[in-house]
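S.K.: Here are the chains, one letter per residue:
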Amino acid sequence: MSNKRVFYFYNPDVGNFHYGPAHPMKPHRLSVIHSLVLNYGLYNKMKIYRPYRASAHDMCRFHHDEYIEFLQRVTPQNLTTYSKYLNHFNVGEDCPVFEGLYDFCSMYTGASLDGAMKLNKNCCDIAINWSGGLHHAKKFEASGFCYVNDIVIAILELLKYHPRVLYIDIDVHHGDGVQEAFYLTDRVMTVSFHKYGNWFFPGTGDMYEIGADVGRYYSVNVPLKEGIDDFSYSQVFKPVIQHVMDLYQPTAIVLQCGADSLNGDRLGCFNLSTKGHGECVKFIKDLNVPLLTVGGGGYTLRNVARCWTYETSLLIDEEISNTIPEHEYRDYFAPDFLLHPEVVTRQENANSKQYLELIVKHTYDNLKMVQHSPSVQIQNVPGDALPTEEFNAIALDEVDPDVRQSQVELDRRVDAPNEFYQDDKDQDSDETR
Amino acid sequence: MADDQVVAKSEESQSINDNIDKIEDNEPPVDDLIKDKDYEQVDEADDETTMEEEEALPELEDPLREIRFLEEESNMPIHELMVMYGYSKNTTPDTGTKKKKKKKKKSSSKKSKDKKRKKKLSTSSDGVAEKRSKSTDQRTFVEGDSSNKMSEETSKENESVKEGEDCSNASQLLNLYMAELDQVQSEDEDEDYRPYWELHWKSVNVGLNFQALVTEELSTYGDVLPYENNDELLWDPNVLGEDLIEDYLTKIQQITKALKPKSKVVGVRDNEKALYLLVQCGHDVAEALRRMSLNVIPLEKSLSVWSEDETLKFEMGLLISGKNFHAIQKEVKTRSVAELVHFYYFWKKSDRHDQFERKQVSMRPEIKQWQHWDSEEDQDSDFDTSMFAENSHDDSEDSLNAAENKAQMKCLIYADRKRQVRKKATNNACSNTNTSTNTN
Chain A
1 MSNKRVFYFY
11 NPDVGNFHYG
21 PAHPMKPHRL
31 SVIHSLVLNY
41 GLYNKMKIYR
51 PYRASAHDMC
61 RFHHDEYIEF
71 LQRVTPQNLT
81 TYSKYLNHFN
91 VGEDCPVFEG
101 LYDFCSMYTG
111 ASLDGAMKLN
121 KNCCDIAINW
131 SGGLHHAKKF
141 EASGFCYVND
151 IVIAILELLK
161 YHPRVLYIDI
171 DVHHGDGVQE
181 AFYLTDRVMT
191 VSFHKYGNWF
201 FPGTGDMYEI
211 GADVGRYYSV
221 NVPLKEGIDD
231 FSYSQVFKPV
241 IQHVMDLYQP
251 TAIVLQCGAD
261 SLNGDRLGCF
271 NLSTKGHGEC
281 VKFIKDLNVP
291 LLTVGGGGYT
301 LRNVARCWTY
311 ETSLLIDEEI
321 SNTIPEHEYR
331 DYFAPDFLLH
341 PEVVTRQENA
351 NSKQYLELIV
361 KHTYDNLKMV
371 QHSPSVQIQN
381 VPGDALPTEE
391 FNAIALDEVD
401 PDVRQSQVEL
411 DRRVDAPNEF
421 YQDDKDQDSD
431 ETR
Chain B
1 MADDQVVAKS
11 EESQSINDNI
21 DKIEDNEPPV
31 DDLIKDKDYE
41 QVDEADDETT
51 MEEEEALPEL
61 EDPLREIRFL
71 EEESNMPIHE
81 LMVMYGYSKN
91 TTPDTGTKKK
101 KKKKKKSSSK
111 KSKDKKRKKK
121 LSTSSDGVAE
131 KRSKSTDQRT
141 FVEGDSSNKM
151 SEETSKENES
161 VKEGEDCSNA
171 SQLLNLYMAE
181 LDQVQSEDED
191 EDYRPYWELH
201 WKSVNVGLNF
211 QALVTEELST
221 YGDVLPYENN
231 DELLWDPNVL
241 GEDLIEDYLT
251 KIQQITKALK
261 PKSKVVGVRD
271 NEKALYLLVQ
281 CGHDVAEALR
291 RMSLNVIPLE
301 KSLSVWSEDE
311 TLKFEMGLLI
321 SGKNFHAIQK
331 EVKTRSVAEL
341 VHFYYFWKKS
351 DRHDQFERKQ
361 VSMRPEIKQW
371 QHWDSEEDQD
381 SDFDTSMFAE
391 NSHDDSEDSL
401 NAAENKAQMK
411 CLIYADRKRQ
421 VRKKATNNAC
431 SNTNTSTNTN
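Chains A and B, in that order, are what the protein sequence lines are. Using the UniProt record's numbering, the first residue of the first sequence is number 1, and each one after it goes up by one. Using the UniProt record's numbering, the first residue of the second sequence is number 1, and each one after it goes up by one.
Note that these hints are calculated values from the structure, not bench results. Where hints are given, some of them may not hold.
[To be verified] Using 30 Å as the maximum straight-line C-alpha spacing, the simulated DSS-like pairs for lysine-lysine come out as follows:
#1 A/K121 to A/K45
#2 A/K4 to B/K273
#3 B/K313 to A/K275
#4 A/K368 to A/K160
#5 B/K313 to B/K349
#6 A/K353 to A/K368
#7 B/K348 to B/K273
#8 A/K282 to A/K4
#9 A/K45 to B/K418
#10 A/K160 to A/K275
#11 A/K275 to B/K330
#12 B/K359 to B/K348
#13 A/K84 to B/K251
#14 B/K359 to B/K273
#15 B/K257 to B/K348
#16 B/K257 to A/K45
#17 A/K84 to A/K160
#18 A/K368 to A/K45
#19 B/K273 to A/K45
#20 A/K238 to A/K361
#21 B/K273 to B/K349
#22 A/K45 to A/K282
#23 A/K84 to A/K121
#24 B/K359 to B/K333
#25 B/K348 to A/K275
#26 B/K359 to B/K251
#27 A/K121 to B/K273
Using the sequences and the hints given, assemble the complete structure.
M.R.: This is how it looks when you write it as structure tokens:
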């Protein structure tokens, strides 16, 4: 089968949350995207899952339990009783407390985690969760509209099966939460393309942030200036990623597709078109590595919906028409009702050709060090998987039938339920019949 | 391994000295070693002139003042510091002689003094030395000897000719990198000197409170799934053929049409609930159709029709509390917040919304301004970028602006153009009517 197995994770309730008056983050965009995906007929190329919901235990794999407990308990009603924690956990203006906050976190985190698990079990090649991608959240605090870092939790899950995971971030903001989480490890390489400078949020993402300790050279930052267009972007994106792939050779990729790098975003300042943005996604898809695709930023509802719908179609290799089909949110796409609207350049491209060339060279130079550094990954022999199987094989053959075995030993070699018995436990073997 | 170190480090306040480390480590690697030498050799000689200068200035006798000046110097942008310490973009470390550098240093420090006008720099030797020693002491293992390491490696690999090339490349990049930051600085040169890089550089936190715990070995799931709740397959396209599915959907449509003659039906579309039903019936088309005809599952559960009463209450709530759905829910008791949010996005594009707008403006004319922006939220093609630019640059109250910029870095929401435009508008109009808009 040439086509990839694509799983799509969507919780029908995840769109019905609201961050509060005048807040640019709108979870309802997820409902609009889903409706578009459905009405474009993209259903017939992928398996649809209602993902499981992440428990507090799952979230605590990365986050501190105090913080998660706070998220579980705080509501708009009891906000005052928690006032001393609000500052501590950076909950307030950027990350307001809204009705159903914890449910929202649990839904999007669960979806990413579910996707990671499906990839681990090799059920699929590509998992899509547009509700995830909240890359700013830190271990101890919320940040930039993000409360729980589903990406980190999903990557931790992937690391159970994958020796090296590559994280790519094409959000206009720096993927600081994910970078920080894996700053000291070489098992995850984080690559972020983002706007940097002029007090642009979150203020990190300098080209000299390269990781530390064992993780030195395993954080790659490509700071860009405002107004970057499709051509310039791909000129940076493709060579850098190709270089990373050649040197790091990840066994799984997590791609954060923040759509605030699109032209005309409410908070972003890049000039990418939906096609240019999708080009990056297609490039990653064609690398033929197990891929978890998550959403992220994106604050102009209709453009986010266009972008991620288009990218869904790219991931399943299905061409879709430029005309937005009839569906319940069609009015949001007025007046043109097109999937690829014209790019109106409001911001001049501040990235000179020379700058881009040099920044690519800079990342190349740092990546050279990856090659030279001793590869820890090679020592990563799969932990329990092989040994236990070996043990079972030996045990079955060499056990003395006259010696009584302890229950623990028996339990240890419980056969899989679909195992075909060929011994005295076999109730319907050919001989007995 | 270095847990203690890590904790200790994280507890360190992000003092200026930390930032100095950062700057110094950020410099092109080859320069670093030579720079060390430079400090020792050059500062002594150069110092005396500055000491004289210092003595000529009575206010410098105040030690507090001196510290302040030192701080200021430490707040200088990297390229200025580099220039001050004898590095211009064309300097290749091999060619620069001691004397040359000394000269450069003098002239550049003068230049920067001019720039800062009355706020003179103190380049006293003990100050620099002190700072230097402090910074080496406080070097953390994160940034620690990064540049040294790098320079070692590069020097191993590269020949001296290439080295120079690399260096110039790096400084070229640095210049381009800084170009934009420079602009910002030049704008408020005459105003209080603002150490912009202090805002620009934020170090990465390292410690137990920041990183995720990554295990070294791989593991397996075994029999027990690692999660507590289950996911649910809603649709699998690979079981039945495409025409079979199409056929099924057409039949479903006929059934729903019969059940609800009023609902307008548009072509054969994927009906997710019907498809889910098919999955639930184990992909048995006949069974799914049977269940559908019994109408076991209500097809439009999520959008059960809103009564006139409910809608009125919803609009009332919206009028009073704005888009605070939690507050609106108290008004419309029969619906959950999730339902309200869902309804809002349909209502927003309906005729009722337009009527509502008109009514609202007539009732509370003073909120017209922000309400306009609010309702246009997702149609922001018409916002005015020039207004934004004006707002962030031409603001006469520079300190206020600085604070805002600082906040912007801490706070993503500050980048919101509409928010800024709205704030300005409300500031201009009336001050106390917007309490409900900008705060929660």
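S.K.: With reference to the structure, classify each hint as holding or not holding.
M.R.: The hints, checked one at a time:
no.	hint	result
1	A/K121 to A/K45	holds (20 Å)
2	A/K4 to B/K273	holds (25 Å)
3	B/K313 to A/K275	violated (43 Å)
4	A/K368 to A/K160	holds (27 Å)
5	B/K313 to B/K349	holds (18 Å)
6	A/K353 to A/K368	holds (23 Å)
7	B/K348 to B/K273	holds (25 Å)
8	A/K282 to A/K4	holds (13 Å)
9	A/K45 to B/K418	violated (39 Å)
10	A/K160 to A/K275	violated (34 Å)
11	A/K275 to B/K330	violated (44 Å)
12	B/K359 to B/K348	holds (15 Å)
13	A/K84 to B/K251	violated (59 Å)
14	B/K359 to B/K273	violated (38 Å)
15	B/K257 to B/K348	holds (28 Å)
16	B/K257 to A/K45	holds (27 Å)
17	A/K84 to A/K160	violated (37 Å)
18	A/K368 to A/K45	violated (40 Å)
19	B/K273 to A/K45	holds (17 Å)
20	A/K238 to A/K361	holds (13 Å)
21	B/K273 to B/K349	holds (25 Å)
22	A/K45 to A/K282	holds (16 Å)
23	A/K84 to A/K121	violated (43 Å)
24	B/K359 to B/K333	holds (23 Å)
25	B/K348 to A/K275	holds (29 Å)
26	B/K359 to B/K251	violated (45 Å)
27	A/K121 to B/K273	holds (27 Å)
Against the hints set out earlier in the document, violations occur for numbers 3, 9, 10, 11, 13, 14, 17, 18, 23 and 26.
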